[in-house]
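Student: Let the hints inform the model, and build the full structure from the sequences given.
Numbering (our numbering), first residue to last: 1 to 316.
Treat the hints as calculated values from the structure; they're not laboratory data. Check before you lean on any hint, since a few could be wrong.
What follows is a list of derived Cβ distance ranges for each label pair [claimed, not checked]:
| hint | residue 1 | residue 2 | range |
| --- | --- | --- | --- |
| 1 | T200 | V17 | 48 to 58 Å |
| 2 | E301 | G111 | 26 to 36 Å |
| 3 | D19 | E137 | 51 to 61 Å |
The beta-carbon is built from N, C-alpha and C at its ideal position, and this holds for glycine as well.
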Amino acid sequence: MKAVIVSSFGDSNALQVVDRAEPAPGPGQVLIRVEAAGVGYVDVMARNGDYQPLSEPGFVPGFEAAGTVAAVGAAVDEHWVGQRVFALTRSGAYAESVVADPRDVVRLPEGVSAADAVALGVNALVASLGLKRVNVEEGEQVLVRGAGGGIGLMAAQLAALSGGAVTAITSSPERGDRLRGLGVAHIQDRTAGQDGSADTYDIIVDPVAGVDLGRYIGMLRPNGRYLLVGSAGGAAASDVLGSIMTTYHNSPTLFAFSLNSVDADMVGAAAAELFGQAVRGDLRAIIDEQIPLAEAHRAHERLESTPVFGKITLHP
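Tutor: Pasting the structure below:
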């Protein structure tokens, strides 16, 4: 089969297409013929050598895939064969086939394509399970940083579906118009010097982090909740906890959320709920570009160099 490997840690040139043997499903595994794989910042971190579980080059990246189960290993029910599924693979998805644990596999309903599944996928799972922790209530003011990116876009939609009045920070009037069409109430265009600081918020959802993290914590209302779900903007400034101390009497709460902390049953239930919302038309999968697997390097270049609205997907 064709697969993409990280030949050495570094820039997008480290992604190389190779021929390798198709993996055989071992005991407790299913083999999936991949129709779509998701591309996210975690893949860039893995390529750069900044993702600890993948500490040696030579691996196939890709944390999520969708396709059809072609075979099963020992102790796995044969009913999986022929099922259209989404899988959290944690590596290996940039390939024509990948193996996965059935506990990390969710059947896809009719009406959800493989590309839509990974466009929702990890991003929607992080947004959904993270928002459950901060518990958006009807009418609460919610600020979403990086709202045009994968996680931010899902968080903006899901917070609005929960009754929140969502303010989205994005990078152009055109992206703002698209976000309004997805239920966002207010737009802040950071390229025009807008950063959300004209107001305060009950909840802030942040997939960016970076040096401005502490400043955004200061925008919380009394009893506000800050949901940190990524670090696309790099590490926070060293004095970020000082921002919590300066607003101590407002009782702010900081939630740092990773999908790796959630057990498989909860992830599976959340994925099934999200795919159901997509079938009903409540939640939209937004695909920025579909790129051939052999051009995985270009997918990473786009993700790192230009504003992406939604998800980039790879297709064998």
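Student: Each hint needs a verdict: does it hold in this structure or not?
Tutor: Now for the hints, and whether the structure bears them out:
1. T200 / V17: 48 to 58 Å: At 49 Å between Cβs, range holds.
2. E301 / G111: 26 to 36 Å: holds (32 Å)
3. D19 / E137: 51 to 61 Å: Cβ of D19 to Cβ of E137: about 53 Å, so the range 51 to 61 Å holds.
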